[in-house]
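Given next are the chains, with one letter for each unit.
There are 2 protein chains.
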Amino acid sequence: MGDCEQREDCATHPVDVTVIDRNNHHLFQPLLYQVATAGLSPADICAPIRGILKRQANTSVILGEVTGVDLQEQRVLMHDKAVPYDYLILATGARHSYFGHDDWEPFAPGLKSITDATMLRRNILLAFEAAEVETDPDKRRALLTFVLVGAGPTGVEMAGAISELAHKALTSDFRHIDPASARIILVEAGPRILATFPERLASRAQKELNHLGVEVRTGAAVEGIDADGVMIAGKHLAAQTVIWTAGVAASLAGQWLGTETDRAGRVKVLPDLTIPDHSNVFVIGDTASLAQKGKPLPGLAQVAMQEGTYAASVITQRIKDAHTGTSHAAVPFHYLDKGNLATVGRSFGIVDIKRIQFTGFIAWVMWLAVHIFFLIGYRNRFLVMFQWAWAYFTFQRGARLITYDNKTSLIE
Amino acid sequence: MGDCEQREDCATHPVDVTVIDRNNHHLFQPLLYQVATAGLSPADICAPIRGILKRQANTSVILGEVTGVDLQEQRVLMHDKAVPYDYLILATGARHSYFGHDDWEPFAPGLKSITDATMLRRNILLAFEAAEVETDPDKRRALLTFVLVGAGPTGVEMAGAISELAHKALTSDFRHIDPASARIILVEAGPRILATFPERLASRAQKELNHLGVEVRTGAAVEGIDADGVMIAGKHLAAQTVIWTAGVAASLAGQWLGTETDRAGRVKVLPDLTIPDHSNVFVIGDTASLAQKGKPLPGLAQVAMQEGTYAASVITQRIKDAHTGTSHAAVPFHYLDKGNLATVGRSFGIVDIKRIQFTGFIAWVMWLAVHIFFLIGYRNRFLVMFQWAWAYFTFQRGARLITYDNKTSLIE
Chain V
51 MGDCEQREDC ATHPVDVTVI DRNNHHLFQP LLYQVATAGL SPADICAPIR GILKRQANTS
111 VILGEVTGVD LQEQRVLMHD KAVPYDYLIL ATGARHSYFG HDDWEPFAPG LKSITDATML
171 RRNILLAFEA AEVETDPDKR RALLTFVLVG AGPTGVEMAG AISELAHKAL TSDFRHIDPA
231 SARIILVEAG PRILATFPER LASRAQKELN HLGVEVRTGA AVEGIDADGV MIAGKHLAAQ
291 TVIWTAGVAA SLAGQWLGTE TDRAGRVKVL PDLTIPDHSN VFVIGDTASL AQKGKPLPGL
351 AQVAMQEGTY AASVITQRIK DAHTGTSHAA VPFHYLDKGN LATVGRSFGI VDIKRIQFTG
411 FIAWVMWLAV HIFFLIGYRN RFLVMFQWAW AYFTFQRGAR LITYDNKTSL IE
Chain U
51 MGDCEQREDC ATHPVDVTVI DRNNHHLFQP LLYQVATAGL SPADICAPIR GILKRQANTS
111 VILGEVTGVD LQEQRVLMHD KAVPYDYLIL ATGARHSYFG HDDWEPFAPG LKSITDATML
171 RRNILLAFEA AEVETDPDKR RALLTFVLVG AGPTGVEMAG AISELAHKAL TSDFRHIDPA
231 SARIILVEAG PRILATFPER LASRAQKELN HLGVEVRTGA AVEGIDADGV MIAGKHLAAQ
291 TVIWTAGVAA SLAGQWLGTE TDRAGRVKVL PDLTIPDHSN VFVIGDTASL AQKGKPLPGL
351 AQVAMQEGTY AASVITQRIK DAHTGTSHAA VPFHYLDKGN LATVGRSFGI VDIKRIQFTG
411 FIAWVMWLAV HIFFLIGYRN RFLVMFQWAW AYFTFQRGAR LITYDNKTSL IE
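Protein sequences, first through last, are from chains V and U. Numbering-wise, this note's numbering puts 114 at position 64 of the first sequence, and it's gapless, one number per residue. Numbering-wise, this note's numbering puts 275 at position 225 of the second sequence, and it's gapless, one number per residue.
Hints are supplied without guarantee of correctness; some may be wrong.
It does not matter which identical chain is used: a pair holds within one copy or between any two.
To be verified - Heads up, simulated EDC-like pairs for lysine to aspartate or glutamate below, C-alpha to C-alpha not over 16 Å straight-line:
(1) K189 to D228
(2) K131 to E184
(3) K285 to E184
(4) K104 to D223
(5) K285 to D66
(6) K345 to D276
(7) K343 to D387
(8) K285 to E273
Note that these hints are calculated values from the structure, not bench results.
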């Protein structure tokens, strides 16, 4: 999809494309943590799918939830209808995984959708509100304790953003508490943070986190999570807000297809991204499992985007072959790692592009530029740039909005 | 509050101010219809109350829901605590009123809060989505029929905005329906639209609505609303989306005080905005009822703002008097009508400022300028201006986001 948006030549292929999504919008996930920490509005990082594809006349969009796939009849099953296909590309992504502890979910929500993000924003802002009127010092301390479970890029970015909120944006907003007294604790079961980045960069990021007032606890496995807080290495830590930034599990695509999956539920695909016995069914992105040079491909947007382009090119080649009576064997998919970026707080970035590895302000500017570039829509790019510049110079966060659905009453 | 923001001298009075609100944000209601029609994001028209008042050191903010007032003990009652007062200002606003037909509410939601606005946005966008996959022509027609009950400024502005959405923003987004075929019907029980404006201006606005494709039905009382549509003058009109833009009812303040109210539940206040026997309790805004020159004051922001300034000045004068041992009788509140503005669609405004009465493009520019001016916060002013400029030149609406709370599954 990203590729089509830029080249606009997809529309010229002699195919009918149907895009089915249960959301009406494309979500730019890398900036979701900024919605959760009141930096951006939901619509700033979303683009309506119909709007993105409006000029692509051979493409129609269905808003709806897929419930299964009928491989025999070649149909995608939905609640009240079925959509036939010649070729199928499944890119249904991933959700959080609590590693068998699904009972932790209510106490430690994760961050995958706009709804998750606005709920987290509400929880974080309400914790400060509740602390302001709490007179018991222990309860107040628990209200101002924020625990992030999992120190991958999302955990690190969230920790930095909550720290900025507490130390900068909320200063002098309260009369009975000092928001800067909030404890932000980043817990990681593994030996270090940012496991996918080189150790040298990760250790610099950890120093920056400490500098921002974030407590980093590596080698600390979470043993329990409940309404009162977290159990870490036999000790209970009282915390009102616990955020799950650890494991992910693939969507149900593996169950729909009845094909082999890995431990995280990802569909094991062949080197051309199709599944065994069904060369017209492709699985890509976070819901696919493929190894390259013995290592599984990571669950990153750039992997999914390259896989999408690859699957489309295989399909168009096969259609050409069918027309001309020729035959081309598909070259196996090859992932080209263009590098990784992350950010900590308001002016510290991490760049890891092959041999170019550095951290600091320039790395942060690169992070900004790349994220603005990949955001869909000029309007969103401008709005996000403006709000970042505003936040940078004023230290304020503009989207400090606590909203409720109609059924929920105010939490006192 | 608005006044303090601008003058910043409230903080110098020798008083302790406590602001209690069940929301953490101040909402700029006049632009709520733009959130409901995907033009703006919720945070663009909201400002956190703590942020607005952060420099006012004598003021603290409590996020919480008021449940009553104890006039004897001089305390404001909340779910789990009570806040004592020397002076009390109640400005608890209004909700929709269904004139005794509360059973209509689920089928014809109104527009008073951010939650209302995002729900309406979802309903409107989902109606187009459902029409796209509907094969039955009658059902499709009902899905593309939007009825607004009540042709005051909100009804007129919503009708214009939905028309713009259907005729401009969604063009070429769908493959099976033409969004421009949507019917938008503005129903008014009274003899004409915009009853609070001069007849000449209202009739020009009605022409503009017709020009935008909105059907205006005046003198048409709604007799019933259910899941299938609306009953008007004995005839059933099939419509998926019905929006209540008619009556309002005051908040529960009258019940809390046990004092006399008018038919809409508004507290009948004395000329100094206090209630009988309690000269330290003021009621202002949509929840107060006061006549001036024999006519009740309208439920407008400018009335509420002037009343707020007045109540504050009475209180500070009384405190000064108590200190100096002098006494000043309060001059009765006098409302100064600064004029009314409204807008229809993307470039037609209505201006009614004493003898200056005109409609059209210049009036629309005035509407824009006044609304930007009264929006709190430079950041919000800039964001709204940019999005309006973008929408004006591209015909696109940026916040086309359908979101759900976690409990709701997708409506198919």
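Hints not upheld, ascending by number: 3, 5 and 6
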